[in-house]
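> Below are the chains, spelled out letter by letter.
Number of protein chains: 2
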Amino acid sequence: AAIDAALAEGPLKGRHILVTSGPTHEPIDPVRYIANRSSGQQGTALAAALRDLGARVSFVTGPATTPPPPGVAVIRVESARDMLAAVEAALPADAAIFTAAVADWRVANAAGQKMKKQAGKPLPVLEFAENPDILATISRHAQRPGLVVGFAAETENVIEHAQAKRARKGCDWIVANDVSPATGIMGGAENAVHLITEDSVEDWPRLPKAEVARRLAQRIAKDLT
Amino acid sequence: AAIDAALAEGPLKGRHILVTSGPTHEPIDPVRYIANRSSGQQGTALAAALRDLGARVSFVTGPATTPPPPGVAVIRVESARDMLAAVEAALPADAAIFTAAVADWRVANAAGQKMKKQAGKPLPVLEFAENPDILATISRHAQRPGLVVGFAAETENVIEHAQAKRARKGCDWIVANDVSPATGIMGGAENAVHLITEDSVEDWPRLPKAEVARRLAQRIAKDLT
Numbered sequence: 001a002a003i004d005a006a007l008a009e010g011p012l013k014g015r016h017i018l019v020t021s022g023p024t025h026e027p028i029d030p031v032r033y034i035a036n037r038s039s040g041q042q043g044t045a046l047a048a049a050l051r052d053l054g055a056r057v058s059f060v061t062g063p064a065t066t067p068p069p070p071g072v073a074v075i076r077v078e079s080a081r082d083m084l085a086a087v088e089a090a091l092p093a094d095a096a097i098f099t100a101a102v103a104d105w106r107v108a109n110a111a112g113q114k115m116k117k118q119a120g121k122p123l124p125v126l127e128f129a130e131n132p133d134i135l136a137t138i139s140r141h142a143q144r145p146g147l148v149v150g151f152a153a154e155t156e157n158v159i160e161h162a163q164a165k166r167a168r169k170g171c172d173w174i175v176a177n178d179v180s181p182a183t184g185i186m187g188g189a190e191n192a193v194h195l196i197t198e199d200s201v202e203d204w205p206r207l208p209k210a211e212v213a214r215r216l217a218q219r220i221a222k223d224l225t
Numbered sequence: 001a002a003i004d005a006a007l008a009e010g011p012l013k014g015r016h017i018l019v020t021s022g023p024t025h026e027p028i029d030p031v032r033y034i035a036n037r038s039s040g041q042q043g044t045a046l047a048a049a050l051r052d053l054g055a056r057v058s059f060v061t062g063p064a065t066t067p068p069p070p071g072v073a074v075i076r077v078e079s080a081r082d083m084l085a086a087v088e089a090a091l092p093a094d095a096a097i098f099t100a101a102v103a104d105w106r107v108a109n110a111a112g113q114k115m116k117k118q119a120g121k122p123l124p125v126l127e128f129a130e131n132p133d134i135l136a137t138i139s140r141h142a143q144r145p146g147l148v149v150g151f152a153a154e155t156e157n158v159i160e161h162a163q164a165k166r167a168r169k170g171c172d173w174i175v176a177n178d179v180s181p182a183t184g185i186m187g188g189a190e191n192a193v194h195l196i197t198e199d200s201v202e203d204w205p206r207l208p209k210a211e212v213a214r215r216l217a218q219r220i221a222k223d224l225t
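These protein sequence lines map, in sequence, to chains X and G. Going by my numbering, the letters in the first sequence line up with residues 1 to 225, in that order. Going by my numbering, the letters in the second sequence line up with residues 1 to 225, in that order.
Same shape as in the complex, but just chain X (with noise of 0.2 Å):
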């Protein structure tokens, strides 16, 4: 009920957006991958705060600790290579708010059996080959979305790197926060971010992660209508 109370109130009443979470799971062999540090924390706030605007949100979501939040189109993907097509499958959308910590490679030798620690034998060495960049594909997409936005973690430069990748990837708006080990934001349960768009660069205060999902929920309604 309360879910049904959403979907037929608010700004995004009738708009479909996408969100994508949590991290990605890249196998080395079948009981070893490599991971990015995201909790889905932020992504989840995120899908839950559009929910409550009114909008129909697809999830797409890598294998977060944090739960998808109710009343939202789950999709549950691993490796980035699945992520993009369960993206792509979700299309068209009115906007796509890309929060996932995808992994820019995956390994190129990965192997059918577990790989095993041998004495005399020289240790594995992993080759990588590039994984699908998903917020520039979407940002060049025949089916893109009014508006797409990213997110960059960094640990240094933070507003020099987000605003060349805002370039770079073709995408409205990038969400930049600075995930060094020091600042506690990496699973934690606050965030610091900067709204790049093309002409501005907006320095939001620390807060709670669902207060920046709030308030991002409300500037995309507000650039949506």
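None of these hints come from the bench; they were simulated from the model. C-beta atoms are modelled at their ideal positions from N, C-alpha and C, and glycine is treated no differently. Hints may contain errors.
Said to hold, decoys possible - Cβ pair distances, simulated, as ranges:
(1) X/190 - G/168: 41 to 51 Å
(2) G/122 - X/13: 45 to 55 Å
(3) X/208 - G/168: 47 to 57 Å
(4) G/113 - X/108: 17 to 27 Å
(5) X/182 - G/143: 30 to 40 Å
(6) G/137 - X/142: 53 to 63 Å
(7) X/206 - G/160: 55 to 65 Å
(8) G/132 - X/181: 17 to 27 Å
(9) G/120 - X/109: 45 to 55 Å
Stated by the list, open to error - Now the stretches of chain X that chain G is said to cover, found in silico as 3 or more residues with beta-carbon under 8 Å:
(10) 29 to 37
(11) 95 to 107
(12) 169 to 181
Take the given structure of chain X and dock chain G to it, following the hints.
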């Protein structure tokens, strides 16, 4: 009160048992790491079963999705090197059960800053270094517990690999299982194990992980008393 009662009763009263559990995470850079697939379910169930028989349990756990059981001393670690240090600090013990899925290798060239994807730049190459072998180290330790039990997650030739592992590591028993994806054991609620001792192989039926834990705890109690 339930914990006091457990500590006061049972065949393992007055015994100190060390249990390792979960995966380890080996950093690549501040936002990426290599992980093993391990939910920590079997180790958590075993720690609870040993506690229920009256043991004082030290539970050294990597970042597992299963929360640690109540009534045990929890020591949280990330990497294999952290885990070895925590295990050595917890000695002496009457028995040590190594259920953790410890990374064989760590990244030798881990980066202090996030590795960036840059057009025209070659992909990164990960160089590995061998991690300390916790099971072998404790099996030959000056403070070696009277009973040392390893786990072996295999995807082929399960019994042979586990027997060879027992001899190579110098431990007393190996609990071996087949974690091929088709078995559904990794991350699942059940386990089908083989208990390998110096002169025997027992094939246990497929059972809930809590029941595997209870049987193994009983065997440990029988051995120690």
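> Each hint needs a verdict: does it hold in this structure or not?
Status of the hints after comparison with the structure:
1. X/190 - G/168: 41 to 51 Å: 48 Å, holds
2. G/122 - X/13: 45 to 55 Å: 49 Å, holds
3. X/208 - G/168: 47 to 57 Å: Cβ of residue 208 of chain X to Cβ of residue 168 of chain G: about 51 Å, so the range 47 to 57 Å holds.
4. G/113 - X/108: 17 to 27 Å: 24 Å, holds
5. X/182 - G/143: 30 to 40 Å: Given range 30 to 40 Å: holds, Cβ gap about 37 Å.
6. G/137 - X/142: 53 to 63 Å: Since residue 137 of chain G and residue 142 of chain X have Cβ atoms about 58 Å apart, the given range 53 to 63 Å holds.
7. X/206 - G/160: 55 to 65 Å: 56 Å, holds
8. G/132 - X/181: 17 to 27 Å: Given range 17 to 27 Å: holds, Cβ gap about 24 Å.
9. G/120 - X/109: 45 to 55 Å: 23 Å, violated
10. 29 to 37: holds (count 8)
11. 95 to 107: holds (count 4)
12. 169 to 181: holds (count 3)
The structure shown violates just one earlier hint, number 9.
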